[in-house]
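Peer 1: Take a look at the letters that make up each chain.
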Amino acid sequence: MELTANKFKANASKALVDAQLQKALGNVEKGFIGKRQKAADALPEFEALRDNARDIKNHVLAHLDLYLEEYERKVLAAGGHVHWAETAEDARRIVLEICKKAGARTVTKGKSMITEEIALNDHLSANGIEPVETDLGEYIIQLRGEHPSHIIAPAVHLNKEQVEGDFRRVHTHLPEGRDLSEPVSLLSEAREVLRQRYFAADVGITGANFLIAETGTSVIVTNEGNGDLTQTLGKVHVVVASIEKIVPTLEDTSQILRVLARSATGQDMSVYTTFSTGPKREDDPDGPDEYHVVLLDNGRSAMLGTEYQDMLRCIRCGACMNHCPVYHAVGGHAYGSVYPGPMGAVLTPSLNGIDETGQLPNASTFCGRCESVCPMRIPLPKMMRHWREREFERNLTPAVARYGLKAWAFFAKRPKLYRFGVSFAMPLLSLLGGTSRRFHSLPLAGGWTRHRDLPAPEGRTFLQAWAQREALKQETEQ
Amino acid sequence: MTSSEAKAARQPRVGLFATCLVDLFRPSVGFASVKLLQDAGCEVHVPVAQTCCGQPAYNTGDRADTREIAEQVIEAFEGFDFIVAPSGSCASMLKKHYPGLFAGDAAWEERATAFSDKCHELISFLTDVMMVRDTGAALEAKITYHDSCSGLRELGIKEQPRKLLGNVSGVEVREMTDSDVCCGFGGTFCVKYSDISNAIVTKKVGNIDTSGADMLLAGDLGCLMNMAGKLKRQGSDVEVRHVAEVLAGMTSQPPIAGSGK
Chain U
682 MELTANKFKA NASKALVDAQ LQKALGNVEK GFIGKRQKAA DALPEFEALR DNARDIKNHV
742 LAHLDLYLEE YERKVLAAGG HVHWAETAED ARRIVLEICK KAGARTVTKG KSMITEEIAL
802 NDHLSANGIE PVETDLGEYI IQLRGEHPSH IIAPAVHLNK EQVEGDFRRV HTHLPEGRDL
862 SEPVSLLSEA REVLRQRYFA ADVGITGANF LIAETGTSVI VTNEGNGDLT QTLGKVHVVV
922 ASIEKIVPTL EDTSQILRVL ARSATGQDMS VYTTFSTGPK REDDPDGPDE YHVVLLDNGR
982 SAMLGTEYQD MLRCIRCGAC MNHCPVYHAV GGHAYGSVYP GPMGAVLTPS LNGIDETGQL
1042 PNASTFCGRC ESVCPMRIPL PKMMRHWRER EFERNLTPAV ARYGLKAWAF FAKRPKLYRF
1102 GVSFAMPLLS LLGGTSRRFH SLPLAGGWTR HRDLPAPEGR TFLQAWAQRE ALKQETEQ
Chain B
30 MTSSEAKAAR QPRVGLFATC LVDLFRPSVG FASVKLLQDA GCEVHVPVAQ TCCGQPAYNT
90 GDRADTREIA EQVIEAFEGF DFIVAPSGSC ASMLKKHYPG LFAGDAAWEE RATAFSDKCH
150 ELISFLTDVM MVRDTGAALE AKITYHDSCS GLRELGIKEQ PRKLLGNVSG VEVREMTDSD
210 VCCGFGGTFC VKYSDISNAI VTKKVGNIDT SGADMLLAGD LGCLMNMAGK LKRQGSDVEV
270 RHVAEVLAGM TSQPPIAGSG K
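Heads up: the protein sequence lines correspond to chains U and B, in order.
Heads up: take any position in the first sequence, counting from 1, add 681, and you land on the working numbering.
Heads up: take any position in the second sequence, counting from 1, add 29, and you land on the working numbering.
Mixed in with the good hints there might be a few duds.
[Said to hold, decoys possible] Below, a list of computed lysine-lysine pairs in the DSS-like style, where the Cα atoms sit at most 30 angstroms apart:
#1 B/Lys232 - U/Lys688
#2 B/Lys147 - B/Lys232
#3 B/Lys125 - U/Lys688
#4 U/Lys711 - B/Lys221
Hints listed in this document are in silico derivations from the structure and should not be mistaken for laboratory results.
None of these values were measured; they are calculated from a predicted model.
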């Protein structure tokens, strides 16, 4: 997708007046937050599990090279293939080659953010191979030519009436009078249409929630079962996953699985948790003839050992955006990047560079709600602040903010001068506030007064008033 | 030694970090803080070498200025037994973020850590350190309390103000929906992303309205000015005050918003 992260402000302003979007965004707040809380409250060891999950990933990241090599050995031993892709371009090329070799005309896809990151669909289409998204949300946005607005609920920005319109527009072979007024009827229609596509597809492409070093297994978690059909019905299964998806053992995987669905949707477990190890063996009733894993770096190894390393613990549950007041206000598309919300505000600058993405880590109130619900305890606000520091060092901070800050800091660092200045300014501002004791508009304060009044100061500053009171007290004591 | 000197010797010496917003916009909160601290048995000092905790610079990524300001605050306040601020956000800056500014400079880091250990937000200091249960205030009001983000999530302030408010005679607490969700202030965020901030505060003000309360309290003046500004713009007559004003029984000063003017 085209990166428009630095148009965030303009994107956001549009989103704020988009009535359809605003209606749909209400579902994020209503749908996810209470369910997560309930699931967390129901599990006494939930907080301890979060600690464990964090520790497991920290351990992996400290020894990532060793675990990746171990994982590769196990995949090969199970009869699979491993492809190392340093960049998005490498990954696209590798996947296309596999598809071409399989003589593929259509490929089915399980829901995968990593294939969004490498813009795989466009690449396949451009090369005459039709990608078919099988996750309901992904299927809908593919019909609309859109990108996911949420990492686990890609079509959360839409209302069911919009989906009905899309289905009627595209599924012209179905009777016109059919009832599509309920989500369940939309789901069954999508199922019916997609069922044919699974059988016709030559290759199935999925992402992975985990790659298990101990066994060479890829794991996907889904609620629709589409991922399972995608990876078992095609002749070839291609897993595209980034290198930090590694976990050492099956036991570690189950530990993290216990926090994943609870944090994401409030389920104890997602409906399907599927483990794939290599291609179909002789005695297996089904499975692909070929099993490929494309391991993508795309900037991640450069994050190791930096102040952004903790971001590589992310398991893509979406809890941060589900709880983010900014995301609630503007939705995922406003971020103008593959990954929206707080995790995107940290990860996107790592992947695309801060020059093109500086708006994102700035668009946060630092309310900290994301960090408070992150199952992997990723200090998201702290890392957004680090990005602001990188910006400031390189003079990327907008000039108005920079000079304003510098002027303020000049006084803040000189208490005597500061005291002298404010002892005149505040009483004057107070006077200007008049009897209503507020400002409806004020020069240089338009950002504030556009939407709200500015309460006028009381008059003398506290330190002025305090000094006078103390002086008076001393006089009376004498 | 006179008896008053003996009493003073036992009193913890508290440096009041008024915070820039209280200092400039609402001195009443400073005086309310002083009263609450003195009533709790503290000897209160207000060093004049205070301006701001440095958050505007810190959150803009300007580490150098932040550090200089932090050094100034530490120098002015490190001699006290406790440093108390009537703001969760500024107190958290002093308590949780200062030591990190000096990472790699062992001497300053140690000094900053020793300083940070003594820093507290006002209300939690009263309840958790001075063991205050009842401030003796009385007020006929239906209040609703907004949990400011830094105080809530970085300092764990949630029950403390509610406990003290529960003992203010005449006060009825009406919890609003999502009291723990950000009001949209976020320091410079509210002017940098004015439209988004507006969407967030509009939601907050809606929740304040439906709570049925006639008074909104919180422990951070930034959030209060944001919510008060929106309430005023909407013509609401919900009175807005800092929680310290009510707990100290000092509500004679006109509220930040409300009273219909």
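Peer 1: Next step is simple, just say for each hint if it's right about the structure.
Peer 2: Hint check:
| no. | hint | in the structure |
| --- | --- | --- |
| 1 | B/Lys232 - U/Lys688 | holds, 25 angstroms |
| 2 | B/Lys147 - B/Lys232 | violated, 36 angstroms |
| 3 | B/Lys125 - U/Lys688 | violated, 33 angstroms |
| 4 | U/Lys711 - B/Lys221 | holds, 28 angstroms |
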